[in-house]
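*Asks:* The chain contents come next:
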Amino acid sequence: MKKKLLSLLLTALLTTAVLGGCGSDGTGESSGNNSSTGSSALEPAGDAAYGGSVVVGIQQDIDSLDPHKATAAGTKEILFNIFEGLVKPDKNGDLMNAVASDYTVSEDGLVYTFTLREGVKFHNGSVVTAEDVKYSLERASGLLDGTPLISSLKVLTSVDIIDEKTVQVTVGGANTELIYSFVAAIIPAGSGEDESGTPVGTGPFSFVSYTPQEGIVVKKNSDYWQKGLPYLDEVNFKIVTSTDTALLELQGGSIDIYPYLTDSQANELQGSFQILSAPSAVVQALYLNNADPLLSDVRIRQAICYALDKDAVNDFLAGGNATIISTGMLPTLQSYYVDLNDVYGTGANIDKAKELMADAGYPDGFDLEITVPSNYEYHMQTAEVVVEQLKSAGINAVIRPVEWNAWLEDCYNGRKYQSTISGLTSDATPGYMMNRFQKESKKNFINFDNAEYDEVYVKAAAAMDPEEKAGYYKQLQQILCDEAGSAFIQVPAITIALNPKLGGYTFYPVYVQDMSTVYYAE
Amino acid sequence: MRKPGSGKWNKYLTAGLIMTGIALLLGILGLFWTPYSTTAMSASEKFDAPSLRHIFGTDNFGRDIFSRVMKGLSTTIVIGSLVVAFSASAGILLGALTGYFGGLVDEIVMRVTDAVNGFPSILLALVLISLLGNGRQNVILALGIVFIPSYVRIVRSEFIRLRDADYIGRARLMGVCRIRILFVHILPNIFSVFWVSVMIGFNNAILAESGMSYLGIGVQPPDASLGKMLSDAQGYLQNAPWYALAPGLTIVWVVLGFSLFSEGIRRRV
Amino acid sequence: MNFFIKKFITLIMTLFLVSVGAFLAFQIIPGDVVTSILGTEATPEREEQLREELGLNDPPVVRYFSWAGGVLRGDLGRSYQYSKNMNEMMPVAELIGDKLPVTLWLAGLAMVLIVMVSIPLGVLWAKSGNRFLDAALGVVTQATMAVPSFFLGILVTFLFGVVLKWFAPGSYVSYRQDFGGFLGYLVFPALSIALPKIAMTARFLRNSMLTEMKADYVRTAYSKGCSRQRVMYGHVLRNAMMPVVTFLGMIIAEIVAGSIVVEQVFGLPGIGRLLISSINNRDFPVVEILILYITFVVIFVYFLVDILYRVIDPRISER
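Residue numbers (this note's numbering), protein chains in the order written: chain U, 1 to 522; chain W, 523 to 791; chain R, 792 to 1110.
For the record, the hints were derived by calculation from the structure and aren't laboratory data. You may find that some hints are simply not true.
To be verified - If you anchor each label on the Cβ, the simulated ranges turn out as follows:
hint, chain 1, residue 1, chain 2, residue 2, range
1, W, 653, R, 1021, 41 to 47 Å
2, W, 722, R, 836, 51 to 57 Å
3, R, 1019, W, 540, 36 to 42 Å
Unchecked claim - Straight line, CA to CA, 27 Å or less: simulated DSS-like cross-link-like pairs of lysine-lysine:
hint, chain 1, residue 1, chain 2, residue 2
4, U, 443, U, 416
5, W, 533, U, 391
6, W, 533, R, 918
7, R, 875, U, 121
To be verified - So these bits of chain U aren't anywhere near chain W, every CB distance computed over 12 Å:
hint, residue
8, 110
9, 147
10, 170
11, 176
12, 223
13, 414
14, 425
15, 470
Ideal Cβ placement from N, Cα and C applies to all residues, glycine included.
Just chain U, with the same shape it has in the complex (with noise of 0.2 Å):
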């Protein structure tokens, strides 16, 4: 009864809840990039209702509750809902103000000035203050202790507070997608330091209890900026170690939501459950040593462009629906993406692959040594695809499944590997991915080396002008694309598990599980 007449009262809100998120808070440099490849909001028959808890069944545990700690994929989409940052990111991967209702960037692009939003509130009941801000931005900067927790931070130079309400940042180097780090949470001022060490945000939810290898609990935040969200009263994070337990308890009727779903299990649950497909953020590929002997020909690494057949991966995986790329760049970031998938197709192009390979040397195939991190299925079933196909072109592939420690320390950090097939987590920015291409860089995990390639990279990250930027960015995929830096495949798709009474879920182009939105149709 009662819930009836508050549903019909929170409908209207939730209407102006809902427009007022779209139009005024998108201020900032967002591009006004609006097409929704990456977000669809299904909603049941039936009006929004407050209340409820659900049950989220996420993958891996949690690797810090300190957000400026976190660095998990897993553990930063869930911690979306406790904190927040100055900005944070919205559904189509652009930003919006958080804790901050507006700032500027100065002509130069070295200085920020942040004013902070009016009363907003930590989950601790205390306002947000400039010190608290500042407090942040120095501990993830390095600028506290000297020990730089977030990267991308480590440019600032000092944090000022102007008065009560404006904070000035000041940085050592211009770069446009600066902002996108200030996503960086703002906890109380000290808390770093706390004896409880309860995490404190401003986000949508607050922190209940965490038990490891159970999960996280975290209940609403009815002093929220953002008015008339979240609607639920508690999301509990459930871990689920295996996919296929998942769908056990989805069916049992122990979880509620469930974001990884295989294509197969998405057909299993087809009728009842919702089933919703977004990309996800990870650009998943034949990933290619290009130091390694034979494959620092680029006829060789072409050739293996050439012998895999992409939509057979896709559907075998995806069902058909993964995004199918040729180069290291997220399609959702739709600015700076460009589409190469006709250099070498998306089906195998066997003939082209042999010619290429004779012309090497190597009219008989070769040996390839395809090195997988055995703890992800996806890859591990990718990569008994790729073998099948490669085999087709005469390249005599084997799989060698090694731990993820292992993958760490011997692929991604000791780039003693020949071949691998992995996925990389891109995040918003497209600075991320195509920085790591980059002959000397840290993160140039497949000896990537080409001199015209770093060159447009300085030109791109110096680039202020927005549409010069995504040009010299296009450049970069191009010759990562002809060059062959490596075999990419495909961005998979998240594909979700809702139970049918649930609706506005909303996805995002960049690892986030936003409760907020969240309801139980009435």
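Put chains W and R on the given structure of chain U with help from the hints.
*Replies:* Positioned in the frame of chain U, the structure of chains W and R alone reads:
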């Protein structure tokens, strides 16, 4: 005491022989030939239910499960045999030396054996695999090491028993060299006891191997493995139960066949 | 007394060997703890800070002894992987203390099932002269023993969870929240562990009883005019139970191992799963303590079994 081989044929032997025979046949055949390719994928044949064409059905890549089970059976049998061969011979050597000679070596070996024994075998294998890395050879090595102590114990106690037997004493008086006493005079006499533990060991090796590959350690794709198939299949229990049942029941078949067989032998002795 | 001292020294020796072994293993295993914890995105400064915090810059010998010293003083260290809150890592003692009840209740429940089913079954089996029942039980137990626990787990899930819907797979509730629901969920994994052991124990008890029935004292008892019931339960069962009790003791070690796999199948957050994830994440302090704990339990159980043997058969102690 009756001599081995003098007993009567029994039902256990018959059933065990038939079951083991079929498993071995399929496993050995699987090394050379399978009805379908074990790796070729077909999008149109995903999750076909068992039929005349695919008697165990197909999996999530449209691969023939029967062929993969055959291949997995070969892997399992090869690994099981090599593990038993490795651990049994190491066990005989250590058991013989410690049992016959005793002393400090005995004390050290037995302490280490105790330490290893006081540890769930699958756990130890897990730690060893983390050390050695995944892959077929390493699984054999890890399980081989894990199972040594069980043989050492049996061989040792038999050697202790026989060491003091009259005929050994006489042989020693006649000046027969120690190595000869160990391996010619004593060893053949412990085989009846040893044989049974080899059989049990084979079963334990198979169970441990499949358990490990179920947990995702050990044999890795593209090597087919029954345990790995089971863990892959677990997510499709509702719509494709055959996928889990085929490898699972195959493991049961092999283990049951072998334990019936060894029971039969035990009764015959 | 001498016996106890010797056993105690053996226990300490074994624990020491195991701890050194595990420590050495962690030195050799590929994979860097710091990268494992921080991933690929952390700053070099943060990596160095963590390395210093964890004492990884010290030589291995120093690290081992500082760790061992801590343990001897009762400080089990802190997990590398799990946070307690924003600013502190989870103390190992607290972490294991939290997970241990799950495994202990699972093992306990399995044990209860084994005892409650296998003993009546064994007795019934031994008593029945029915050849058909005899053969049927023979086949059933033989077959049950051949099913690996994880497959049994899958079968139980399939049968009771998917087909009969007696329980919802994965609907585990923490013992802190709802103890009844917790136990209710544990019944099914416990069943998966218990079934093969029930078969084994029943067979063992039956064989042991059949052996006893042929003993001289049984004939004497009958000739004295004791009833069949009296002979069966008063003499045969009592004597036949002794080896069974020790056999059950041995099984405990196997239950511990079995629960590791079964926890994985049923998604139970017990020490088995903790161990596997800790090995994967190079969480050395947790792995060390868990391994020591498991070794201790197993050795201790064997020790109890040894004592039981002595109680049953005083001749053993003379050896």
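*Asks:* It remains to establish, for every hint, whether it holds in the given structure.
*Replies:* We went through each hint and held it up to the structure:
1. W:653 to R:1021: 41 to 47 Å: 58 Å, violated
2. W:722 to R:836: 51 to 57 Å: 56 Å, holds
3. R:1019 to W:540: 36 to 42 Å: 39 Å, holds
4. U:443 to U:416: Status holds; Cα separation ~14 Å.
5. W:533 to U:391: 49 Å, violated
6. W:533 to R:918: Distance ~22 Å between residue 533 of chain W and residue 918 of chain R Cα, so the pair holds.
7. R:875 to U:121: 25 Å, holds
8. 110: 49 Å, holds
9. 147: 31 Å, holds
10. 170: 48 Å, holds
11. 176: Residue 176 of chain U clear of chain W: closest Cβ-Cβ about 44 Å, beyond 12 Å.
12. 223: 41 Å, holds
13. 414: 14 Å, holds
14. 425: Correct as stated: the minimum Cβ-Cβ distance to chain W is 22 Å, above 12 Å.
15. 470: Residue 470 of chain U is indeed farther than 12 Å from all Cβ atoms of chain W, at 37 Å.
In summary, the numbered hints that this structure violates are 1, 5.
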